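Student: Sequence:
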Amino acid sequence: MSRKEKVVENEPVKADAKALEQYAREAENYISNCKKFEVDIDPSVVIALSTGWNVLKPSKSTREGSLLPLIGILEDNTHITKINLADVTMQDGRYRSVGNGNSNARALVSILHKTNVITELNLSNTGLDDDGIKEICDGIKKNNTIKLLNLSHNHFGVAGASYLEEALKVNQSIQSVDLSNNALGFGSIHSLLCLCGPNKSLSILTSGNYVFEEILNSVSHGLAFLGAVVGANILISDAADVQGSSYHFWACVIYSFALMFLFLSSCLFHSFFMSPTTMRVLQVLDHVGIYLVIAGSMTPFMLVALHHHTAARVLICGEWIAAFLGSVFAACSDLNNPRHTMVELTIFVLMGAGFLLVWEQLLQELSAPAMTLLILGNACYVVGIAFFILGEYKPIYHCVWHLFVVVAAALHWFCVYFFIVSVDLTLSDGGAFTKARVVDLVDTMQAAASATANMMHNYKH
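Here this note's numbering is used: the first residue of the sequence shown is 1, the next is one more, and so on.
Where hints are given, some of them may not hold.
[Claimed, not checked] The list that follows gives simulated cross-link-like pairs (lysine to any residue, SDA-like), each with its CA atoms no further than 25 angstroms apart: (1) Lys142 / Leu205; (2) Lys200 / Leu148; (3) Lys200 / Arg339; (4) Lys200 / Val158; (5) Lys141 / Val117; (6) Lys18 / Asn29; (7) Lys169 / His155.
Hint data in this document are derived by calculation from the structure and do not stem from the laboratory.
Predicted model only: the values in this text are computed from it and were never measured.
Make a model of the complete structure from these sequences and hints.
Tutor: Written as structure tokens, this is what we have:
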């Protein structure tokens with residue numbers, strides 16, 4: 001091996017040695033600054049600095065102002081590209097409050113002004129209020145390397161959102177901003193979303209910000225749940241006492257359970273909109289509830305009104321199989337994915353359209369008022385789907401969707417109570433007789449028996 005080849009071979013080692021010296025020097029400066037400012041030394045920071053790691057993630061127990069010792073170090077640092085301060089707040093929970101993260105935000109201003117390597121900044125749940133957001137915005141206005149910015153779970157409001165809007169107009173390098181769970185309201189979020197035009201690469205996560213709309217959603221279906229509980233008691237009691245048929249009873253039990261499950265899961269889902277993990281579980285249950293209500297609403301009609309029709313029994317089996325498969329899909333898929341949403345909407349519509357497969361039988365067996373209630377209920381569900389889709393763009397429309405669901409469910413409930421529970425399955429032709437029609441039939445039979453008895457009496461004499 002020639003002497004020249006030896007030099008070339010050793011050059012990377014020399015470069016690594018210089019880098020290690022720089023890393024060690026930065027770590028020493030950090031420790032020195034901690035002692036100078038009487039700030040606890042964070043082992044996580046020392047590890048990141050001394051090993052040349054590209055991620056700076058202080059310990060969660062780091063107290064307020066923990067970035068103070070890093071001022072003068074990160075400005076010239078060339079290896080840290082990601083700063084993750086998520087959940088970094090006061091060590092003692094008794095002193096955690098709005099604005100605890102503002103001092104760190106102030107420290108970040110000088111760092112962001114000078115660094116040209118930081119691409120990700122995570123400030124989730126760091127206690128930032130409007131003043132803290134203003135400092136961050138001042139920093140990113142003069143920074144052209146940050147691509148990902150996470151400001152979720154903080155405490156800023158309309159003013160902070162306005163500062164951020166101005167900063168995003170200036171900074172064209174940021175590609176993604178996470179604003180979830182800040183309860184900013186539709187006005188502020190809408191203004192920020194206007195920056196995400198079709199020709200721009202900026203994307204903004206906005207879940208957990210529509211407080212007013214979520215309260216309306218929760219209250220509407222919370223009240224509907226209470227109504228479903230009352231309705232279940234009335235419906236099941238009537239089915240058990242008046243008819244005494246197991247078909248009537250279990251059809252009403254299944255239908256009532258589906259209604260209560262849907263409204264309760266929907267109410268809870270919209271109540272926990274600020275808790276992502278809980279919300280994810282409840283969102284699945286909410287969608288499962290929709291499948292249950294579609295199949296459950298058909299159950300009384302298929303098992304009772306069309307009890308003697310084979311097509312109805314085949315249809316209700318298919319509906320419950322579809323409900324099961326749809327529930328599995330909801331549990332295994334990303335329900336916030338637009339494609340998955342369209343798949344679910346298609347399943348909902350196809351399941352609801354099952355009534356059309358036995359439409360002629362329904363016309364034969366149900367009275368005109370019953371068919372009117374059934375048609376109006378289905379129409380409310382169909383029209384409501386349009387508002388469900390619009391709710392993805394303007395949250396208040398989702399509240400309208402909730403109202404359509406409540407009205408549709410009420411119409412179907414009245415149809416079941418007044419016209420299905422009264423069906424007499426003991427009649428061989430399987431017709432859907434109302435209570436009044438059964439009474440008329442009994443009166444007619446009594447009159448015929450009386451007339452026959454009179455004729456026999458006259459014949460004997």
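Student: Is it true that the CA of Lys142 sits at most 25 angstroms from the CA of Leu205?
Tutor: holds (23 angstroms)
Student: If you draw a straight line from the CA of Lys18 to the CA of Asn29, is it 25 angstroms or shorter?
Tutor: holds (16 angstroms)
Student: With the threshold set at 25 angstroms, check whether the alpha-carbon distance from Lys141 to Val117 stays at or below it.
Tutor: holds (15 angstroms)
Student: Straight-line Cα separation of Lys200 and Leu148 no greater than 25 angstroms?
Tutor: holds (15 angstroms)
Student: Below or equal to 25 angstroms on CA atoms is what counts here, so check Lys200 against Val158.
Tutor: Between Lys200 and Val158 the Cα gap is close to 24 angstroms, so the pair holds against 25 angstroms.
Student: Mind checking the alpha carbons of Lys169 and His155 for me, to see if they're no more than 25 angstroms apart?
Tutor: holds (22 angstroms)
Student: Just to be careful, I want the Cα atoms of Lys200 and Arg339 compared with a cutoff of 25 angstroms; is the pair within it?
Tutor: Since the Cα atoms of Lys200 and Arg339 sit roughly 22 angstroms apart, the hinted pair holds (cutoff 25 angstroms).
In summary, the structure agrees with every hint in the numbered list given earlier.
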